[in-house]
Structure formats: structure tokens, C-alpha cells
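Student: In case you want the letters, here they are:
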Amino acid sequence: MSEIAFFGAVEIGLVYALVALGVYLSFRVLDFPDLTVDGSFPLGAAVCATLLVAGVNPWIASLSAALAGSMAGLVTATLNVRFKILHLLASILTMIALFSVNLRVMGRPNVALLMQDTVLTPFYGLGLPDHVVRPLVVLVVVVAVVLLLSRFLNSEFGLAMRATGVNARMARAQGVQTDFHIYAGMALSNGLCALAGALFAQTNGFADVTTGIGTIVVGLAAVIVGETVLPARAMLWALVGCVVGSILYRLAVQLALSADAIGLQASDLNLVTAVLVAVALILPRMRLKAASKKREAVR
Amino acid sequence: MITVNGIHVTFGRGTPLEKHALRGVDLTIPEGQFVTVIGSNGAGKSTFLGALAGDVIAEEGSIAIDGVDVTRWATPKRAALVARVFQDPMVGSCTALTIEENMALAAARGRRRGLGFALRGDRRRHFRERIAELGLGLENRLHDRMGLLSGGQRQAVSLLMATLAGSKILLLDEHTAALDPGTAEFVLGLTRRIVEENRLTTLMVTHSMRQALDYGDRTVMLHEGRIVLDVSGEQRAGLDVPHLLALFAKQRGGEDITDDSLLIG
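Protein sequences, first through last, are from chains A and B. Going by numbering that gives the first Met the number 0, the first sequence opens with residue 0, and the numbers climb by one from there. Going by numbering that gives the first Met the number 0, the second sequence opens with residue 0, and the numbers climb by one from there.
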């Protein structure tokens, strides 16, 4: 793997670390399997790119993208909480709808950002090569998000959100407005995914309506890899695990794709991802089975 | 104080499985009274408790707690006034959270939950002191996940959690039914102590006539969604399980008791 390929993998891993954190919030904290992210990631890219082309400040454009993502999360949460649609289906409905919304936002299937100022522009030309600057800037954003999110989940409000996901009945009996916490958590989760989309558009120089496909699987892969390499109970370390998982996952994919002997090409990415996630989900079960068999053998 | 006025609850209205679970229950519990509720399966005990807690909304009648009409309040809102321990230790606590996190969750009952740390140093110390009172050695396990505790330990912690936010009403839903006899005895003793120390107005649903007479100061029997027996004071002090059974049979018009579980335990 070349140096540029390595930094490229780290950069994309860091961008998707924000997706992983969002997915951690919905899947793990709220226990809400949310596929909205396949729509909110490109929504973030679309909103950010459109605003940048219109000459808006890059940071404001990125924040607007995050806000748009939060709205998408609220739509899914409303469908589920208010109208009792199954969470999985509710999120698929929002995701499908967002495909059209994203086309409307951009007015065309993709927007190029080649000459636009981005959040990265001020940091280019400070002496570091561009392919190092990009992951560094994203790293700063990710570290800030991890610290804020950890602080949030350890607050009284955040603890109530975690309780909502673990045991909603008990949470309600303790006075937690569980519905409200689902709204808040889903908004936060999809806001993070949209922010990832905005950073993706700015680091790659384009927004495309199809970039969302498989985002959820990539996010989930990162969460699972993170939990495997960094099994932690403290909130901060669980979140760091998501980030580490995301980077490791990207490096593994990069390695697989650049090893000519295996004969994979870039278009095989989604297949590789799906297989990886499936294996990661199956392995712990197999290990359990093996362990119980061993115990029986001892008897 | 709890004032219940003619509440009715029907499940599955308009379906073939329609069940009129509560048919006009009236009950006034003065402050500090410990009432035990007994009745056979399907008598409406759990529904009654659910109606008080807000899980079930009464379609007729009214419920007032300390003079406030809470008939239409949902569970989270009522939780400010009412503490609760569930039958299933798994339901009453968050197994994936630590003991101290569970306690912090309960301590904030009825308060707005802000962005301040849920577990500050002074709170941790307070939790440690309180849990030491249980005498189970749990003060050194505050960082353990709740799921690692035994059923009895979890019910003990749940009882303690019920007192952390300082509400004056405690609802116990067969909270010893899932425990072995020895542990149940311990949890019941703890219940009595906590109720007395905090002078809680308590409603304890139980399956056992023995428990219903041994604990508390008043016993109420539900049958087919109505209160059929209400004894307290001297009348209750002179009662034994066979008497209670006879009274019960009389109330039901000479019907024999067919639910064995009422007699056992």
C-alpha cells in the first residue's frame, strides 16, 4: 500500500467514523435499527455542496448539512413513535424519500466542488502535503465529536437516553419521557451522519446522489470491528472504539483491494463489506457454540 | 394519600377477547398506610396497580394522588409521585447499565434531566452510603453491571432506588414472586423496614394470603375487577388464612376456591 493510499484510507475511515458514531447511537444506545443513514449521508453532502456553490461559508454549510440530517432523523422517529410504524420500515421509507429529496436539493445527480472553498482550504499550503492535511482536519472534528458525545451520554439526559434503549418500561417508570429521547437520539444520530456526508463532499470534491448506498453497512461494520478490538464499557472508550473500528475497516478494505493476488476491484467494495459484516456477526455465535461444546466434552 | 373513585378498565374493547378487568374500584388509602392487595389470577390486581402507575389509563372514574387528579397522566409524569418495584427483576432495572447508573436514573425521577454529569462525586458517595445500608456488600460493586446481580439483590436495589427521589407512594407488584422463599423473606423484611423508615404510603400486590396478612396494616381482596373484601385494624389482626378463605368464599357466594396458588405460600 502506498503512502497516499494509506492516508486516503485513514481519511475516509475518519469521515465514516462520524457515521459509525451515529450508528452506535441508533443501533446500540437506542436499540433502534435505523437505515435512514443511507439517505442522510448523501443529504448532508447535497446540502453542503449546494450551499458551497452558492458561496456560503464552509462551516455554516457543514452545520446546515448536519441540521438537515437531524430533520431526516426526526421524520423517521415520528413515523415510528407517533404513527407506530415498525422502526426498520419507518427508516426505509425516509431513506427512499431522501433519494428524491437529494436530487431536488442539488437539482442534478451530482455537484462538483473543484474550485470551491471548503473547511479544508485554510489548512492547505501550511507546509504539509494535501493528503495529510485532509485526515488531520477530519481527525480534529472527530475528536471533538467523540468528546462532546461522551460528555453528553454521561449526563443525566444522556443516561436517560441510554435507559430508553436498554429498558423503556423501566425508564418510563423512572419518569423518563422515552418518546422524547427517541426523537432526540435519532436527530443526533442522523445529524452526525449528515455531517459525515458534508465532510465527504468537501474532502472528495463532489457530492453524488448515489454515495449513500451501503452507508449503514459500513457504519455497522465499523461499530462491530470497534467492539471486537476495543471491548469497553466506559462510554468514552466505546466511542473511541467506533472511530478505531472505522479506520481499521477502511485499512483492511484498502489492503484487500490493493493486493493484486486476490483479484478484487474497487466495485467489489460493497460485496466485501457485506461479507465482512456477516462474518463479524456470525463469529461470536460460533465461538459461543464451540465453547459450550467444549464444556460438554469436559463433563 | 391515594383516592380512587369508581375506575373501570376494559382491554380489547369491541373484540372477541374483550376483558372488563376493573369494574368500578373505589379505594381511599390515607397517608402512610401499607395496603396489601390479594386476589386470584385475573382478578385485576396487576391492572389496578397499572392503573395507579399510569401504564393503564382508566376509561371511567378518577384517581387522585395527594389531592392531584392524575387520571389522565401518562407513566413518566406520574413517576414524579409514585415509585415502583416490578415482579420481574429484569423489568425493574437496566441490566446493561451499572448499579450506580441505575441509582442515578432513579434519583432523578420527577426532576428535569439536564446536561450535568449523572454521576458526580457527591452523588457517588451518597449512593455508596445508601446501598451499604442494605448490608449486601454491594457498596464495593457500584461499577458492576446490574445484570450481574442475583434476582434478590436486584429487587433489594430496586427497593432502595424507589426511595432515592423522595416520593411518598410505593407500588409493589408481586415483587417477591420470582424469588426463592429465603430470598423472598429477606426482601419482604427489607420492604417493611424501608416503608417504615420513609413512612411510605404503600400498595403491595401479592399472590400469597400469608404475606397479605403478615405485612402492612390493611388487606384488600379483588375479585373479577371489584373489591370484595377490605379488612384492617382489629378485625384483620384476628384473621388467619383459613378465616380469610372463608370470608372470601362467602363474598363469592359460597364458591370454592379453585386457584391453588392462593393457598400455597
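Be aware that a few hints might be false.
In silico PhoX-like cross-links for lysine-lysine, where the CA-CA straight-line distance does not exceed 25 Å [as the list claims (entries may be wrong)]:
id	chain 1	residue 1	chain 2	residue 2
1	B	76	A	83
2	B	76	B	167
3	A	83	B	18
Partial selection, computed: residues in chain B whose CB lies under 10 Å from chain A [what the hints assert, rightly or not]:
id	residue
4	11
5	13
6	15
7	19
8	23
9	55
10	75
11	79
12	82
13	92
14	95
15	107
16	110
Keep in mind that the hints were calculated from the coordinates and are not lab data. Computed from a prediction, not measured in an experiment: that's the story for all the values here. Glycine included, C-beta positions come from ideal geometry on N, C-alpha and C.
Student: Next, verify each hint and record whether it holds.
Tutor: Status of the hints after comparison with the structure:
no., hint, in the structure
1, B:76 to A:83, "21 Å, holds"
2, B:76 to B:167, "15 Å, holds"
3, A:83 to B:18, "24 Å, holds"
4, 11, "17 Å, violated"
5, 13, "19 Å, violated"
6, 15, "23 Å, violated"
7, 19, "25 Å, violated"
8, 23, "26 Å, violated"
9, 55, "13 Å, violated"
10, 75, "5 Å, holds"
11, 79, "6 Å, holds"
12, 82, "8 Å, holds"
13, 92, "6 Å, holds"
14, 95, "5 Å, holds"
15, 107, "5 Å, holds"
16, 110, "8 Å, holds"
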